[in-house]
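To convert, note that position 56 of the sequence shown is 56 in my numbering; the numbers rise steadily by one, no gaps.
Rather than coming from a laboratory, the hints here were simulated on the basis of the structure.
Incorrect hints may appear among the rest.
[Stated by the list, open to error] Here are the computed distance ranges between Cβ atoms for each label pair: (1) 19 <-> 81: 15 to 25 Å; (2) 5 <-> 82: 33 to 43 Å; (3) 82 <-> 3: 30 to 40 Å; (4) 62 <-> 7: 28 to 38 Å; (5) 73 <-> 31: 16 to 26 Å; (6) 77 <-> 20: 15 to 25 Å; (7) 8 <-> 29: 11 to 21 Å; (8) 3 <-> 25: 30 to 40 Å; (9) 82 <-> 2: 19 to 29 Å; (10) 70 <-> 3: 33 to 43 Å; (11) 9 <-> 59: 25 to 35 Å; (12) 12 <-> 70: 33 to 43 Å; (13) 72 <-> 34: 11 to 21 Å.
For glycine and all other residues, C-beta sits at the position ideal for the given N, C-alpha and C.
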Amino acid sequence: MFFLIISMVMALTLGVVGTVTLATGRVAVPWLRRGVGRPGVWGAGVMLLAAGIAAARVMSFEADMALMLGGLVLVGLSQVLGRPGARQTK
């Protein structure tokens with residue numbers, strides 16, 4: 001029961017942060033803003049992670065891992081890709 005409550009709180013928190021990020025175009029967590037180049041991609045990835053955490057007990061392992069890995073890939077890409085308007089100089 002304890003892990004169910006903790007996982008639901010984590011899923012709800014990540015879902016709210018992802019939704020706010022997608023709605024405003026800005027990462028809602030202050031200490032993550034500097035590392036995120038594309039907030040929209042980050043918000044979508046965090047929402048996929050939240051869905052994976054929330055559905056862990058009712059989905060098959062394969063489907064849950066697909067959600068989690070998809071979210072992790074999007075979060076990683078949002079930090080690797082640069083800002084949309086930024087130019088790289090040589």
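Checked hints:
1. 19 <-> 81: 15 to 25 Å: With a Cβ separation near 21 Å, residue 19 and residue 81 satisfy 15 to 25 Å, so the hint holds.
2. 5 <-> 82: 33 to 43 Å: holds, 39 Å
3. 82 <-> 3: 30 to 40 Å: Taking Cβ atoms as reference, residue 82 and residue 3 lie about 38 Å apart, which means the hint holds.
4. 62 <-> 7: 28 to 38 Å: violated, 19 Å
5. 73 <-> 31: 16 to 26 Å: holds, 22 Å
6. 77 <-> 20: 15 to 25 Å: Holds, at about 20 Å.
7. 8 <-> 29: 11 to 21 Å: Since the Cβ atoms of residue 8 and residue 29 sit about 19 Å apart, the hinted range of 11 to 21 Å holds.
8. 3 <-> 25: 30 to 40 Å: holds, 34 Å
9. 82 <-> 2: 19 to 29 Å: Given range 19 to 29 Å: violated, Cβ gap about 41 Å.
10. 70 <-> 3: 33 to 43 Å: violated, 23 Å
11. 9 <-> 59: 25 to 35 Å: violated, 19 Å
12. 12 <-> 70: 33 to 43 Å: Violated - the Cβ-Cβ distance for residue 12 and residue 70, about 20 Å, lies outside 33 to 43 Å.
13. 72 <-> 34: 11 to 21 Å: holds, 20 Å
Comparing the model with each numbered hint stated earlier shows that hints 4, 9, 10, 11, 12 do not hold.
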